[in-house]
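Just need the whole structure built from these sequences, with the hints factored in.
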Amino acid sequence: MLDDFMTRAMLAGVGVAFAAAPLGCFVVWRRMAYFGDATAHAAILGVALSLALETSIFAGALAIALAMAFTVSFLGRRGYAMDTVLGVLAHSALAFGLVAVSFLSGIRIDLMAYLFGDILAVSRGDLVVIWGGAALVVALIFWRWSALLTATLNEELAYAGGLDPRREQLVLTLSLAITVAVAIKVVGVLLIAALLIIPAAAARGLARTPEAMAGIAAMLGAFSAVAGLQGAYLFDTPAGPSIVCVAAVLFAASNLVGWQGRG
Amino acid sequence: MSLIAVQGLSVAYGANTVLRGVDLKVEPGEIVTIVGPNGSGKTSLLRAIIGAAEPAQGEIALKPGLRIGYVPQRLHIDRTLPITVERFMRLTGRVSRATCRAALEAAGVPDLLRRQMSQLSGGQFQRVLLAGALINRPEVLLLDEATQGLDQPGSAAFYRQIEAVRRDTGCAVVMISHELHVVMSASDRVICLNGHVCCEGTPAVVASAPEYRALFGTGTGGALALYRHDHDHGHDHDHPQSHEAAG
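Chains as they are written, first to last, in numbering that gives the first Met the number 0: chain R, 0 to 262; chain P, 0 to 246.
Simulated from the structure, these hints should not be mistaken for laboratory data.
For clarity, every value in this text was computed on a predicted model and none was experimentally measured.
Among the clues, some could well be false.
[As the list claims (entries may be wrong)] With the Cβ distance kept under 8 Å, some of the chain R side facing chain P (calculated, not the full set):
1. A159
2. G160
3. E167
4. A206
5. R207
6. M212
[As the list claims (entries may be wrong)] Not the full set, but computed from the structure, chain P residues with beta-carbon under 8 Å of chain R:
7. V31
8. R46
9. I49
10. G50
11. A51
12. Y69
13. P71
14. I76
15. D77
16. L80
17. R86
18. L90
19. T91
20. V94
[Stated by the list, open to error] Mimicking SDA-like on lysine to any residue, the simulated pairs with C-alpha atoms at most 20 Å apart in a straight line are:
21. P:K62 to R:A94
22. P:K24 to P:Q147
23. P:K62 to R:A146
24. P:K24 to P:I59
25. P:K24 to P:R73
Glycine is no exception: its CB is placed at the ideal position from the N, C-alpha and C atoms.
This is how it looks when you write it as structure tokens:
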């Protein structure tokens, strides 16, 4: 079954969607959308480094994504305005990454594959990495769910309950870096944030509890991956962007349903 | 032993010292009210007690295993986060629906279980926060201006609820308030804070203490002084840190 590239692509897309959904909910609730963007853009620098050092793309992207996430948190605490920090770091990381890639003249690199993903070229080994990473993220978030939710609602409430919000922030930062690293192959660094945010935002109007929102987001994300891939196959369109397009249509549809329900 | 024993506590944010040399003890079952002008370090004191602010100096000793219920000053729930009252109450522990219902009843708002937090009125919201703080049967309840945004009858009713909770559960209460005239009757002890403890004692003693009047004006009896004091007077912030505790 895994011999078929379409099957592998769908499994990869669904795996990433499962990890991105609960994490994406926190990204939306905590207004970290640009934080996700910055981490993802930095990953291209990681890709360049791992190509130069001939290590695995996953490891390089993970390392740089983590470094980026910590730099952003650090500068944010030092009193810089968050959107300025993110604007500076996200785009400079992307630019440095693109410049670094251009130095690697020895190898012919398909840059597009890293910017927009290359889900149809997912190998069995990639599948192991993607599902391993996704399982780790889902497990982390499941384990810390109540603590994360409390810390998201109110920092003092978390402290009074004996939790440390800084540790919960760390869990999210780590999950974000892992998700970025595994999602590069699927949608590429430019569209990872879309996969995090759009399914979660689409699920908002359909859910009454945080858990329901995460569950619905996972289903919408998985559906987007499968439907997007089939659309890409039918209409010969790029796969990663097609997945994001389906998610965007779902977002619009769920909002229309929500408005009608309220009206 | 005391539930909370704070000794010589100083809290600083960068170079800005907001609290210095604060001593505070909270005994089981008592209601302590902290009053003080804006920026007097009231919230920092509570934050230090729950561990959200690092003490620059001094010590905070909590009774081992102390169960704390905390009602924050303002809790903003992002519009993107759907959450029912019941789910909110279950955040910090595995509790049954019956327990949730009982806590809501104790806080004076039964029948809200299935409502969205975002659909509650200001008064209902604060009472749900109170119910959430009560759910783990706290030994001490910390309230940081819990009646902000409530009108006067609303906050009077809220404080009556707090008294009832103390009577029924025997938990100690430490609350920050600027409405001394409302909390007067409920408090066992009032601590007047302005970077340090200006004066403390029973509400009547504090209300007539010169340090308190210096901070809140010279109105009669102190009870209504909050609403009468003028902002054009100056008062000396450099007076020695330990006054004779007036009581």
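Item checked: Broken hints, by number -> Going through the list in order, the structure violates hints 3, 7, 20, 21, 22, 23, 25 and respects the others.
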